[in-house]
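For the protein sequence lines, the chains are A and B, in the order given.
Residue numbering for the first sequence follows the working numbering, starting at 1 and increasing by one per position.
Residue numbering for the second sequence follows the working numbering, starting at 1 and increasing by one per position.
Treat the hints as calculated values from the structure; they're not laboratory data.
Check before you lean on any hint, since a few could be wrong.
[As the list claims (entries may be wrong)] The list that follows gives simulated cross-link-like pairs (lysine-lysine, PhoX-like), each with its CA atoms no further than 20 Å apart: (1) A:LYS124 / B:LYS146; (2) A:LYS192 / B:LYS138; (3) B:LYS178 / A:LYS137; (4) B:LYS169 / A:LYS192; (5) A:LYS124 / A:LYS192; (6) B:LYS178 / A:LYS192; (7) A:LYS187 / B:LYS169; (8) A:LYS192 / B:LYS174; (9) B:LYS178 / A:LYS187; (10) A:LYS187 / B:LYS174.
What you are looking at is a predicted structure, and each value in this text was computed from that prediction instead of being measured.
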Amino acid sequence: MTAKKNLSGEVSRSVFSPKMKMADLVDLNYHLLTVLDRLNIDLTLGDASVSEVCERNDVDVATFFLVCGIYTFHDYVPSGETLDSVNVMHIIRYLHLSHEFYLHSALVDIADDIELMLAPCDEKHQRIIWRFFSQYKEELSKHFEYEENVVFPYVKALYEHTDTPSATPEEVGDDHTNIEEKVEDLKNIVLKYLPRECNSKAIIKVLNGIYRLARDLERHTLIEDSILMPLVNKLEKR
Amino acid sequence: MTEKKKVLLIIPSLMVARGIEQILGEVGEFKVIGILSDLSRGSANRLRNIEADVVVIDPIVFDYESRANGRSVLADFSDAPAVAIETSLMDEETLRPYDAVIGLYDSPTAVVRKLRSAVESQQDSPRAEGEELSAREKEILVSVAKGMLNKEIADQYNISIYTVITHRKNITRKTGIKTVAGLTVYALLNNLIDINSIE
Numbered sequence: 001m002t003a004k005k006n007l008s009g010e011v012s013r014s015v016f017s018p019k020m021k022m023a024d025l026v027d028l029n030y031h032l033l034t035v036l037d038r039l040n041i042d043l044t045l046g047d048a049s050v051s052e053v054c055e056r057n058d059v060d061v062a063t064f065f066l067v068c069g070i071y072t073f074h075d076y077v078p079s080g081e082t083l084d085s086v087n088v089m090h091i092i093r094y095l096h097l098s099h100e101f102y103l104h105s106a107l108v109d110i111a112d113d114i115e116l117m118l119a120p121c122d123e124k125h126q127r128i129i130w131r132f133f134s135q136y137k138e139e140l141s142k143h144f145e146y147e148e149n150v151v152f153p154y155v156k157a158l159y160e161h162t163d164t165p166s167a168t169p170e171e172v173g174d175d176h177t178n179i180e181e182k183v184e185d186l187k188n189i190v191l192k193y194l195p196r197e198c199n200s201k202a203i204i205k206v207l208n209g210i211y212r213l214a215r216d217l218e219r220h221t222l223i224e225d226s227i228l229m230p231l232v233n234k235l236e237k238r
Numbered sequence: 001m002t003e004k005k006k007v008l009l010i011i012p013s014l015m016v017a018r019g020i021e022q023i024l025g026e027v028g029e030f031k032v033i034g035i036l037s038d039l040s041r042g043s044a045n046r047l048r049n050i051e052a053d054v055v056v057i058d059p060i061v062f063d064y065e066s067r068a069n070g071r072s073v074l075a076d077f078s079d080a081p082a083v084a085i086e087t088s089l090m091d092e093e094t095l096r097p098y099d100a101v102i103g104l105y106d107s108p109t110a111v112v113r114k115l116r117s118a119v120e121s122q123q124d125s126p127r128a129e130g131e132e133l134s135a136r137e138k139e140i141l142v143s144v145a146k147g148m149l150n151k152e153i154a155d156q157y158n159i160s161i162y163t164v165i166t167h168r169k170n171i172t173r174k175t176g177i178k179t180v181a182g183l184t185v186y187a188l189l190n191n192l193i194d195i196n197s198i199e
């Protein structure tokens, strides 16, 4: 493999190119596997280049690189030029696929592990934890629903020059904070305050799942704030 | 209005010390409660008896040999966060242990911002001791878990709303839990309330 990392183990930005092999890209940052997963990319990569794989799987290359940048460099800020090269509808497609991934894959896995974790506990403790988890899940899906039903149609109408829907999106900043605080709370509860009977192996699985989800949601918010919002602002001024 | 934060200066140059005092007097939020010109025995005794929220020190008060350890020497006398003021060139190792570093050419707002961040950093850092919730904090936690508002809690315990907020901040700092729903789970798991009282 030709993985290029600098002395501090960080991936150098210069190696990202459509001509590089997709397998090398994944090897540089394995967190991208979850991105490939939700884009339904066929994982028999062989020696195919990033652009070949994207084309084969009907994924927009520019969008793909933007998302890879966000997932790889924690201080990534796309330049105006980069933003001009992406189509806002592709960004929305990615956000939509991410929503599906969170609700139908990540949260389902965490729930399965919570079930294992709580199996040895008494009914009362199980009820307490499940209650909090379902509240969190509900809040998250409500938040996604709002984006799917209000924000995305609004952007689509702007993009297609049709009349914008009467319901225009409001600031959703507070919502994000609350959702981030809740997942942080869930982590701390599992990490510190579970009853002793809980299954330790399952606790580790649950924690891994929560850490991964929290990190991913953080990136998701970043895509909304630093890519979607600037693109929408530009469309609104058009 | 909250009370002004108390600043203690340990600065040999009276010009610099008076300058900072003047600047802080104009901006509000902080006030200088004492100026020491060195850390001699007499000064050190005064330092122990002064309750400062933040100390501003010129590391030049330590001789060259002991300067790198200056921050820990100061910690023996005072728990307050310490901000260094760089009046002459200092090496990085000397300045790193401080909570902030003020330069002679900093604007008044920059000075205040740095003092503020030093005070806040102290509040955020986890304490080695005292992680257990106090009896009063447990009572407040139960009220929060039951869905009471700050105002209602203040009335029930006959304390000010600011005290309630301080208690809530401390509860969050000690438990690591921020949301009401999360605090409710904490209270339930620790048998502080019964699940039937909230459903």
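Okay, the hints, checked on the actual structure:
As the CA atoms of LYS124 (chain A) and LYS146 (chain B) are separated by approximately 18 Å, the hinted pair is consistent with the 20 Å bound. Taking the CA atoms of LYS192 (chain A) and LYS138 (chain B), the gap is about 17 Å. The hint holds against a cut of 20 Å. Only pairs whose Cα atoms come within 20 Å are accepted, and LYS178 (chain B) paired with LYS137 (chain A) is accepted, the gap being roughly 17 Å. Distance check on the hinted pair: LYS169 (chain B) and LYS192 (chain A) sit about 19 Å apart at the alpha-carbon level, within 20 Å; holds.
Between LYS124 (chain A) and LYS192 (chain A) the alpha-carbon distance is near 18 Å, which keeps this suggested pair within the 20 Å criterion. For the suggested pair LYS178 (chain B) and LYS192 (chain A), the alpha carbons sit about 14 Å apart, so the restraint of at most 20 Å is met. Distance check on the hinted pair: LYS187 (chain A) and LYS169 (chain B) sit about 19 Å apart at the alpha-carbon level, within 20 Å; holds. Straight-line distance between C-alpha atoms of LYS192 (chain A) and LYS174 (chain B) comes to about 12 Å, which keeps the hinted pair within the 20 Å bound.
With a C-alpha separation of about 12 Å, the suggested pairing of LYS178 (chain B) with LYS187 (chain A) holds against the 20 Å cut-off. Restraint check for LYS187 (chain A) and LYS174 (chain B): satisfied, since their Cα atoms lie roughly 15 Å apart, inside the 20 Å limit.
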